[in-house]
Amino acid sequence: MLRRLLLFLLAVVVIGTALYALRSRMIREYCINPQAKIDPKQDYTLKVWIGKPVLPNTAGSYVSDIEDLVATYTSNYTNITVETYFIPQLQLEAKLAEAIKGGDPPDIYFNPISSQVFFGELQVPFGLYVSKEQAASWLPPAMAQASANGKIYGYPTAFYSRVFMANPARLTIERVTSEQLATMGWTWEQFYTAVEKSNQPGKPGLVLTNYGDPVLRAIVASTGKPAPFDDSGRLLWSESDIANIAEIWHRLSSIQGLPALNVVNEDCLTQFIQGKAALIGPLNPQLTVWLWNEAHRKGLDPVLLPVPSATEDQFTDLSATSVLVFRQVSYQGHSHTKAAAELARHLGEGLGPILSKHLAAIPYGESYLPFGAPTGQAYSDILRAAVAPYSYGPAPGVANNHWAEVINPLWLGYVTGKKTAGEFTSQLYTSLHNLAYAQP
Amino acid sequence: MRRKVLILLVAILLLTANAYSINEAAGAIKCNCDERSRVLKLTSPYMSGDDVEDLQLILRKLGFFNADVTGVFGPVTLAAVKEFQQWVNVDSVGEVGPKTQAALTTAITEHSLVSALLAAPPDGDFRLVIDVDKRTLTVLIDNKPYKTFPCAVGKTSTKSPIGDWAIIQKSTNWGGGFGTRWMGLNVPWGIFGIHGTNKPSSIGTTASGGCIRMFNRDVEQLYPLVKMGTRVSIVGPYPKIKVNQQLSKGQTGHEVQQVQLSLRDAGFSPGFTDGRFGNDTEQAIKQMQEFYGLMATGKVDFNILNLLRIKR
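Chains as they are written, first to last, in numbering that gives the first Met the number 0: chain G, 0 to 439; chain L, 0 to 311.
A few of these clues could be false.
With a straight-line cut-off of 25 Å between C-alpha atoms, the simulated BS3-like cross-links for lysine-lysine are [unchecked claim]:
hint, chain 1, residue 1, chain 2, residue 2
1, L, K226, G, K275
2, L, K146, L, K241
3, L, K241, L, K154
4, L, K146, G, K417
5, L, K285, G, K356
Label-pair ranges, simulated between beta-carbon atoms [to be verified]:
hint, chain 1, residue 1, chain 2, residue 2, range
6, G, T71, L, K241, 41 to 51 Å
7, G, P408, L, G252, 30 to 40 Å
8, G, D67, L, T147, 37 to 47 Å
9, G, S63, L, P236, 25 to 35 Å
10, G, D67, L, K226, 41 to 51 Å
11, L, I140, G, G101, 34 to 44 Å
12, L, P236, G, A134, 28 to 38 Å
13, G, S136, L, I140, 26 to 36 Å
14, L, G252, G, T77, 54 to 64 Å
15, G, S130, L, R263, 45 to 55 Å
16, L, D124, G, V328, 40 to 50 Å
17, L, G208, G, G59, 38 to 48 Å
18, G, N292, L, K154, 39 to 49 Å
19, L, V87, G, G59, 37 to 47 Å
For the chain L half of the interface with chain G, some residues (derived, Cβ under 10 Å), not all of them [stated by the list, open to error]:
hint, residue
20, D264
21, M294
22, F301
Hints listed in this document are in silico derivations from the structure and should not be mistaken for laboratory results. Idealized CB from N, CA, C, for every residue including glycine.
Throw the hints in and build the complete structure from the sequences for me.
Below, the structure written as structure tokens:
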């Protein structure tokens, strides 16, 4: 009996050891050792995918600026070859989705426009390579927008702001100056009042540059929930959140004395530059810089104001971009991933000024302050950026279609009067609910 | 012995005859040389001979002499010589001396080379570029200059249409001021083309009503190589046009071309700068509107004119 028991225990130990060894082996294939060193005797080839957006006049130097940045990395590592591919922006996410599906994504991926930071299990949690001190030095919005599911997945490079521009000589605000508003932020209630009081015959209190996607995104960012889904695909917007979004537009478009806001304003820039309009927006970085310079040229002294907040927490519309690291299904080893992470860090630190130069983004990093009046002022808004990702779930190239295919058509239907607020709210909620990967 | 003397005599005779014939030959060459080196000009009576016939043949091949080759230097030959001399910048006196002879030799050599080259140009993207400042028409193959011809362009009051055009019409013998060949361009605001001329002295100047004039001989070389749809760029300073209206797809004219030009300057791609508001231009406008966060209508409104800094 004792012998049998001993044999049984021995069998258990043998099987247990074998399973443990097998598990360790399996885990080794998918785990990452951030302590690994780059082996100077080993040759590495790193693939980098960079999105190439429409860049008037500067596309050539955008490419060469980034190539120069990569070259400063390879000059330190003669055994590392970096293959950089510039992919047209419109194809970028679809190509990544395809590569992930095939198990062979690039080592480094950088989308200069999008804030999406999480793309599934082949992505390397970049936080493994970030020291506690460095993580602590990142501003909360930067940390939040580079993270998903409680892990840091990207190295923040730059922010994109959406702002309003005011002509202080025309804007009537109670109790505070427009300069104070620029640093304090404001609510939609203050916004409605200011527009109403600034309205004069032939001189509108507000002109909109767009009543479609940009104004919708500005409004939803102001609620603190800039994306409808979290990184696991769970629906974040409730029906009342959507009703709140509809209400903001309703209040805005009901302001007495304003020209219709749901019609394309074909001369809004002149109306502001000639000092007629008190406020113009929403402005993306490119238009902000152009209008800022043009307004000054015409003798105006404009002020940038953040998108008003829908909550007391003063959220404004600022989205971040980050450099991401991937591994392949056929894992190339810890030192390869380490080399990729080092390159990601190098790019993350250097891409901010390049994006600032070519896309008027706000580079992340104090060493770049101040960076021209418009971006410098918007930089102060970073602290008001939503501590929530501007992302759209875990499936790139597919999940983001909901903005173009679901949200925008319903929004345009609402703002142009083809749908009531109630219809917009219920239809959008139902559509998003059906799209959600995980039910709340 | 008698036999030996006979052989010797025959040998002497043969040698003498040979020497005579060599001398005769040498004398003939010398004589011909003298004759060829004479200065050809209009005389009374008219000069005639093989050298005049050669001159007429060369001038004819070069496109300056269109009459029958007679070997007689008459007033028609004189006019052709003067026209040639003007073309090559030799004193236009109508006499064919050493300088004109040398110019004729160079021209005919180049002409033969060009004819041979143009007869079978290499494969590749074939297009024409006309530089109104230099007054040249250059054949480009795969964007590399292949052959350049002199031409005349529009006067200050009737400027040639700057822009990107296409050949939409080909015909021969329009005659008169249009010379022997006509290749029409798709300019939306008038009839313009590349053609020959009956005023060859105008080539190299600003003389036309906007068309591109070439020597007949040049346009005749070019004509068979140009197909319907061949792209033609006329480059030069664009006139500054004010745009006083909003523009949309389907419209044509100077204002559309101004927008296309400004879009290109701003780094967008509106397609050809041809004054036609088509799909490419609409797409470029939409891209620009999206870039600046405006409603992507694809129409040129006052916001776009502002951003492009086009006066209105």
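Verification of the hints:
Proposed proximity of L:K226 and G:K275 is contradicted: the alpha carbons are some 55 Å apart, above 25 Å. Of the supplied pair hints, the one linking L:K146 and L:K241 is violated, its CA atoms being roughly 37 Å apart against a limit of 25 Å. Of the pairs offered as hints, the one joining L:K241 and L:K154 holds, with about 22 Å between alpha carbons and a cut-off of 25 Å not exceeded. Restraint check for L:K146 and G:K417: the C-alpha separation of about 62 Å exceeds 25 Å, so the hint is violated.
Between L:K285 and G:K356 the CA atoms are separated by roughly 23 Å; this keeps the pair inside 25 Å, and the hint holds. A C-beta distance of roughly 48 Å is found between G:T71 and L:K241, which places it inside the suggested range of 41 to 51 Å. Between G:P408 and L:G252 the beta carbon distance is about 35 Å. The supplied range of 30 to 40 Å therefore holds. In this structure the hint that G:D67 and L:T147 lie 37 to 47 Å apart at CB holds, the actual value being about 38 Å.
About 30 Å separates the C-beta atoms of G:S63 and L:P236, a value consistent with the hinted range of 25 to 35 Å. In this structure, G:D67 and L:K226 meet the distance hint of 41 to 51 Å, their C-beta atoms being roughly 44 Å apart. Checked against the hint of 34 to 44 Å, the pair L:I140 and G:G101 passes, with Cβ atoms roughly 41 Å apart. Between L:P236 and G:A134 the CB atoms are about 58 Å apart, so this pair departs from the stated range of 28 to 38 Å.
Distance hint for G:S136 and L:I140: a CB-CB separation of about 59 Å, inconsistent with the stated range 26 to 36 Å. In this structure, L:G252 and G:T77 meet the distance hint of 54 to 64 Å, their C-beta atoms being roughly 59 Å apart. The hinted range of 45 to 55 Å is satisfied by G:S130 and L:R263, whose Cβ atoms lie roughly 49 Å apart. Distance hint check: the CB atoms of L:D124 and G:V328 are about 43 Å apart, consistent with the given range 40 to 50 Å.
Under the hint 38 to 48 Å, the C-beta atoms of L:G208 and G:G59, about 40 Å apart, fit the expected range. Distance hint check: the CB atoms of G:N292 and L:K154 are about 40 Å apart, consistent with the given range 39 to 49 Å. With their beta carbons about 44 Å apart, L:V87 and G:G59 fall inside the hinted range of 37 to 47 Å. About 8 Å separates the beta-carbon of L:D264 from the nearest beta-carbon of chain G, less than 10 Å, and the hint is met.
Evaluation of the L:M294 hint against chain G yields a held restraint, the C-beta minimum of about 5 Å falling below 10 Å. The beta carbon of L:F301 is positioned within 10 Å of a beta carbon in chain G (closest approach about 4 Å), and the interface hint is therefore held.
Violated hints, listed in ascending order, are 1, 2, 4, 12 and 13; each of the other numbered hints is respected by the structure.
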